[in-house]
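So the chains spell out like this:
2 protein chains.
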Amino acid sequence: MASNINAVIGQSGGPTAVINQSLVGVIEGLYKQSGVGKILGSKHGVRGILNSDFIELNDLDSGLLEQVAQTPSSALGSTRDKPDEEYCKKLFESFRKHSVGYFYYIGGNDSADTARIISEMAISSGYPLRVYHVPKTIDNDLRTTDHCPGYGSAARFVALGLMGDDLDNRSLKGVKIDVIMGRDAGWLTAASVLARQQEDDGPHLIYVPEVDFSEDKFLGDIDRIYTKLGRCVIAASEGIRYKVGDKHSLVTEKAVQGGEVDAHGNKQLSGTGALGDYLSDLVKNKLGPIIAERTTAKLRVRADTFGYLQRSFPTIVSQSDAHEARICGRMAVEYSMTAPNGLASGSVAIKRISEAPYKVDFFPTALTNVARQTKPLDAAWVKNGCDIGNEFILYAKGLVGPLPIPGKLF
Amino acid sequence: MASNINAVIGQSGGPTAVINQSLVGVIEGLYKQSGVGKILGSKHGVRGILNSDFIELNDLDSGLLEQVAQTPSSALGSTRDKPDEEYCKKLFESFRKHSVGYFYYIGGNDSADTARIISEMAISSGYPLRVYHVPKTIDNDLRTTDHCPGYGSAARFVALGLMGDDLDNRSLKGVKIDVIMGRDAGWLTAASVLARQQEDDGPHLIYVPEVDFSEDKFLGDIDRIYTKLGRCVIAASEGIRYKVGDKHSLVTEKAVQGGEVDAHGNKQLSGTGALGDYLSDLVKNKLGPIIAERTTAKLRVRADTFGYLQRSFPTIVSQSDAHEARICGRMAVEYSMTAPNGLASGSVAIKRISEAPYKVDFFPTALTNVARQTKPLDAAWVKNGCDIGNEFILYAKGLVGPLPIPGKLF
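Chain order of the listed sequences is A and B.
Each number in the numbering used here comes from the position in the first sequence (counting from 1) with 12 added on.
Each number in the numbering used here comes from the position in the second sequence (counting from 1) with 12 added on.
Treat identical chains as interchangeable: a pair holds within one or across any two.
The calculated SDA-like cross-link candidates involving lysine to any residue, where the alpha carbons are at most 20 Å apart (straight line), are:
1) Lys185 - Leu311
2) Lys310 - Arg59
3) Lys266 - Tyr290
4) Lys296 - Val268
5) Lys310 - Arg92
6) Lys298 - Thr239
7) Lys185 - Lys420
8) Lys266 - Asp293
The hints are simulated quantities; they were obtained by calculation from the structure and are not laboratory data.
Given the structure is predicted, the values throughout are model-derived calculations rather than measurements.
Go ahead and model the full structure; you've got the sequences and the hints to work with.
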């Protein structure tokens, strides 16, 4: 006889290349549980719970599941909604109505906070609900876990993109600026350093939000590299910021007019080329005349913004990332059933066991250890304000996987 | 005894993911010729000839050659120089000085024109020189040949990029605009249609330079799709243009201030996000209020410019494209030795033999059949001014190779 305790799975926030691996991991985990009745996929995160907009995920063909696992972006749809008290009451009405006893929410720190709020409301209202957050973010900025599923694949895209772009710049020279995602943390931008295999390879300069941005230093750095190599490739985070007094202001705010803010109070930094164009114009106007006078050649400056390609490009996936994302989904189910260390609700985290061979383990942690605050890149890993050190390379290479080695003739 | 007739190879114009396959094809071809002495790689195209800046390519290890072949961008470096009479005189001085009897130039229509000028100057000055152009361009706009090496791989990047971006847009909705390379021809933008495997898949709208752009039609098209699907993914060429009287003006010129012009008179359209941001603002400002009134939700609009990633991303390569690029290099050497149909100088072209199985053959053609003018996309393949028909899909799918099939749950 089928159980009448049902489970809900949702996906939230920005998609990744492996978020569906976690979804399929949760589904596989639930298939092994006899105490679970309906497995309900909530369409577009909490919004689907609010509107009772579910898909039944019981008895899916394993071939389709594997195909979904290998497909980037959120197969259940996503949302940027952040439930408040009123919103949460409606979620509980839906949970009660559908006899939901297990809720798995795959997302970043905002989603962990949503899970925390729902979990706390369930406890205070005496409704028996186990809530497990499955970590997901290309930004890699969740606390407690060593790294986040989704990061390795996006970092792989960034490293490959910079590698190709450096080869491109090697052939036609000039200054090239690549703007990389990452609102508050430089993890993804830092991954560009993995493209550098030989001393004169780009990226030659790397700017992350963890270091205050100075236009004068930026121009001086470029001038130094360009004078030495006759070219310069730069990776800059979309979140780079000036320090003005004791406050920070985003460089992109200078570049964008009337930018958007989402429900979480986050400024829209992606889906626009404004920052790249602003930095490009800065180099053209300030450094162009100086270099033109010195070399008698016009300075070629270009900027690209990698944009949404970073998080959803099919076939560019780190194998370890895909594998871990899947396991995180399975562990969320296991932890929700066994409540290890008393954690009937929580988040799945990753612990690094060794660097070489790269090996990890998984553990449960409280939702309060993941929700809301983010984890910046270690400031000691940033060198001279414009480069990333070997500590990061050691940390990141297992997450990104082996990269091709370019063949060069000179 | 080694011959004292030497060969020069150069690469020109914008790099591609497979231009080094052609380079290695030429090198391999020359290794089989006993009548050739030194094989000189000219650094940065004609500029290397001008400055006697060569690398000897004889006796390279086959492992290194294969590694170079699989590396994107131009291993010899590239140039945008277009030789005039004075420049050509200097090239001949260099050719005479270095006893060069064979010149292979890998590039697009501008490079074919450079090859033509040099070839004609050699004939008129009585200098025995055989010049073969090896076709290369992601734009696919060369005349005579069925398609161009470099196109299939860039088209694969665009198709995969749009596929991932459509999945992304499916999860978070809104209007997404992707700006694709292609100054004068819509071939690369058209390839975005290959991402569409089911009826409601994006891209839902495709805009190419071959059709006059109208902002009113653009907004009306988006409104129609958005009303039907609640989302809309758009692929737009960087070269879309308005018709004003009997003249055309680029949309990007309205968006870019003080844009650059290169030595060939080409306007800089790449390396800036201005067009995407302009179109994005247009949709936000004109369509946003109308849709907000109808749906009570704020219209989410984002734009990405795929930029240089399209032409130099490592590992995103069409297998048929890589293979054909290699063969084109080898055939250039063979034709230069045998002068078929009296073509002691010329260009290598591709003829399509069959669609299924996809099969091609190669033939030599006069440089005048390739130089200067470009080949637009067949206007009959564009449907309703905003879509690409099945004729193109049939043409392109063999060039791009098999694509993944996304797994979907709804």
